[in-house]
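**Q** Sequence:
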Amino acid sequence: MVFSTTSSHSNILHILPTSDHHPPYDLLQHHPSLLLLSKCKSIQTLKQIHSHIIKTGLHNTPFAQSKLIHFSAVSPFRDLSYALSVFESVDQPNQIMWNTIIRGHSLSPSPISSLQVYDRMLKSGVEPNSYTFPFLFKSCAKARASREGKQVHAHVLKLGFVSHAHIHTSLITMYAQIGELDNARMVFDSNTLRDVVSFTALISGYFSERYVDDARQLFDEIPVKDVVSWNAMIAGYVQSGLFEEAISCFSEMQKANVTPNQSTLVTLLSACAHSGSLELGKWVSSWIKEHGLSSDLQLTIALVDMYSKCGEIDTARELFDGIIEKNVISWNVMIGGYSHMSLYKEALALFQLMLRSNIKPSEVTFLAILPACAHLGALDLGKWIHAYIYKNFKNISNISLWTSLIDMYAKCGCIEVAAQVFRSMRYRNSASWNAMISGLAMHGHAEKALELFSEMTNEGLQPDDITFVGILSACTQAGLVDVGHQYFKSMIQDYEIKPKLQHYGCMIDLLARAGMFEEAKNLMKNMEMEPDRAIWGSLLNACKVHGHIEFGEYVADRLFELEPENPGAYVLVSNMYARAGRWDDVAKIRTSLNDRGMKKVPGCTSIEIDSFVHEFLVGDKFHPQSKNIYRMLDEVDKLLEASGFVPDTSEVLYDMDEEWKEGALSQHSEKLAIAFGLISTKPGTTLRIVKNLRVCGNCHSATKLISKIYNREIIARDRNRFHHFKDGVCSCNDYW
DNA sequence: ATAGGGTTAG
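Just so you know, the first sequence maps onto residues 0 to 735 in numbering that gives the first Met the number 0.
Hints were generated in silico from the structure; no laboratory data involved. Treat the hints loosely; a few may be bogus.
[What the hints assert, rightly or not] Cβ-Cβ distance ranges computed for the label pairs, FRET-style:
1. D531 x D463: 16 to 22 Å
2. V226 x G459: 43 to 49 Å
3. M340 x G159: 55 to 61 Å
4. G159 x I323: 50 to 56 Å
5. I708 x D463: 44 to 50 Å
6. D583 x N397: 57 to 63 Å
7. V226 x E87: 40 to 46 Å
8. S356 x E87: 43 to 49 Å
9. T684 x Q47: 52 to 58 Å
10. E527 x G683: 49 to 55 Å
11. W286 x E87: 48 to 54 Å
Every residue gets a Cβ at the ideal spot worked out from N, C-alpha and C, and that includes glycine.
With the hints as extra help, turn the sequences into a complete structure.
**A** Structure representation (structure tokens):
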């Protein structure tokens, strides 16, 4: 079918001589087969055209040969082994064919082999030209082959090619990319040939080695700056995280009357997205409209990213919906935008829509959606993704992808599967270790987390501040005061990591929960930053547990100062008074809450049944199965009562009066989710629930009993950690 | 009929 137009011409060309006398150039250029070659878009069509070329006898012409080699060696659909087979069939390849094959190798997974081709080229008596060396330097740069690069450099000097602009610049680029900035600079200085291009090459090198000031200095020396050099500056600043500088560089560029191009805008939008600069983002957006670039896909996607990261998720969605031909990247950006804004359900919904639209997800899709699965506890979907990755990306060693899976499994309550994924990884980075260590910590497996820490350091990996957050929280969950202290010291002394607020938070929590209030206070005095609400909150919680009312009141005042509008602090204090039986104070707190019109964050528990995440609030009656759920709840309460369960009323009073009247205790969101789980799954199935707040003491006791009465394993994630309920006991040993 | 600099939209 592809050749239907060629048959009428083939008669004419048959009269052309084929071997010794090549047909004239202009005739060949317009030969249908060779014209087709230029339009070819896949290796399959290329092969078909090739066989057609052989039939017409054109395969012996250097023109056809170099065209074939070109398309099979360096085009986007290249197939180097095919190119080599064509190349080997040529008797005496010319300079262009050799160069093309060398370039083909530079684009291949083993670019260094282009040097062997170069060797063969020289031995066959074909001279290199100014085209040859840039390809070779690109290969050396890609292979980080410093020694080989220098050998070729010596060749260039010997053959007198140094002053060729292309060779000069590619040499600078090579040294810059290998990280030998001094050599790059030497090449740059060794020549009077200093055009914008070579300047820009060196500037990018400086940026990649974080020599921002050198880059700027060099940039100021460029006599006539062009768009690319400005873009390199802006992109360099963005890469270095210097968004302010990137933005001011852009205004300089405009003062210099250089018109931005698409890359400028994309880079700028990325800077806005990372720094949250909505104002500039909007400005770029209107610039794009004014210049009629609104239909540009890349720009639109960059805008979607910018708007979603700057908090205007609805604007982002409108733009996304307006894209007529959505590609994977557009979906990824929008899904990632939702995840980034903690709109996990929306992320999940969009992902489902993507699948229904028959868009094949990419690795990045999963990097965007897995955190959403992790937060929602959407294990079924997470498992599906795992299977999909295993099938489609097994050979891609994307460490982040496997690390995201570890995190997802851990946060969905499957710590064993998380460990399996971790063990099956061929390569791990410190993020992978961190994910596993904090996963174990969340599940209260302190010993295993500590074991993993030594394994990590034994393998020569440097633990970072995140590793220690995992380790310290493992100690906190398990109440390992001394061990925690040792690691805290070791972090500072052996690993020279300055403790951050989070580390202090873990330690203060650890000490206070163990009743060591003096030590906790001392640590707070000695830290160089102000305690945040998490620290005061954990102190207040410890005061509640240990009945330290006086200190608790002091702590509560600090919390009120810090966040006067946060009802959470009032709830905690109310809890403390309730625990101590001081009901008058409880009432006072409640009145002041009501007077201020504050409502506590509603407790919300989700459970995934058949790949669908169901959410429940306290006393929720919106679920379609509500009647059945409440019938089950009644049964549960009766059985609980029958086995001697007495509700602990001290913890219920932090809820509003109305809820109390309705029996808020038995209608806590976690109990609704459990009741729904019991009626929606087969006997014996493990129930996994996720709660947005800490589980209350009453529900904790109730759930322990339910696990025994109904013979179910119940894995519950609360704000802080996991609780595995089984046979009437919880993995946290009632310490949380 | 082949080349040099920046990015890449995640």
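**Q** Measuring from beta carbon to beta carbon, are E527 and G683 in 49 to 55 Å?
**A** At 53 Å between Cβs, range holds.
**Q** Quick check: does the Cβ-Cβ distance between D531 and D463 fall within 16 to 22 Å?
**A** Holds: the Cβ-Cβ distance is about 21 Å, inside 16 to 22 Å.
**Q** Quick one: are V226 and E87 within 40 to 46 Å, going by C-beta?
**A** About 43 Å separates the Cβ atoms of V226 and E87, which means 40 to 46 Å holds.
**Q** Quick one: are T684 and Q47 within 52 to 58 Å, going by C-beta?
**A** Holds: the Cβ-Cβ distance is about 56 Å, inside 52 to 58 Å.
**Q** Given a hinted range of 48 to 54 Å, is it respected by the beta-carbon distance of W286 and E87?
**A** holds (53 Å)
**Q** Assuming the hint says 50 to 56 Å, is it satisfied by the Cβ distance from G159 to I323 or not?
**A** holds (55 Å)
**Q** Regarding V226 and G459, is the given constraint of 43 to 49 Å on their beta-carbon distance met?
**A** holds (45 Å)
**Q** Does the Cβ distance between I708 and D463 fall inside 44 to 50 Å?
**A** holds (45 Å)
**Q** Do M340 and G159 keep their Cβ atoms within the hinted range of 55 to 61 Å?
**A** holds (60 Å)
**Q** That 57 to 63 Å hint for D583 and N397 (C-beta), does it hold up?
**A** holds (60 Å)
**Q** Range first: 43 to 49 Å. Now tell me if the beta carbons of S356 and E87 are that far apart.
**A** Since the Cβ atoms of S356 and E87 sit about 45 Å apart, the hinted range of 43 to 49 Å holds.
Violated hints: none; the structure is consistent with every hint.
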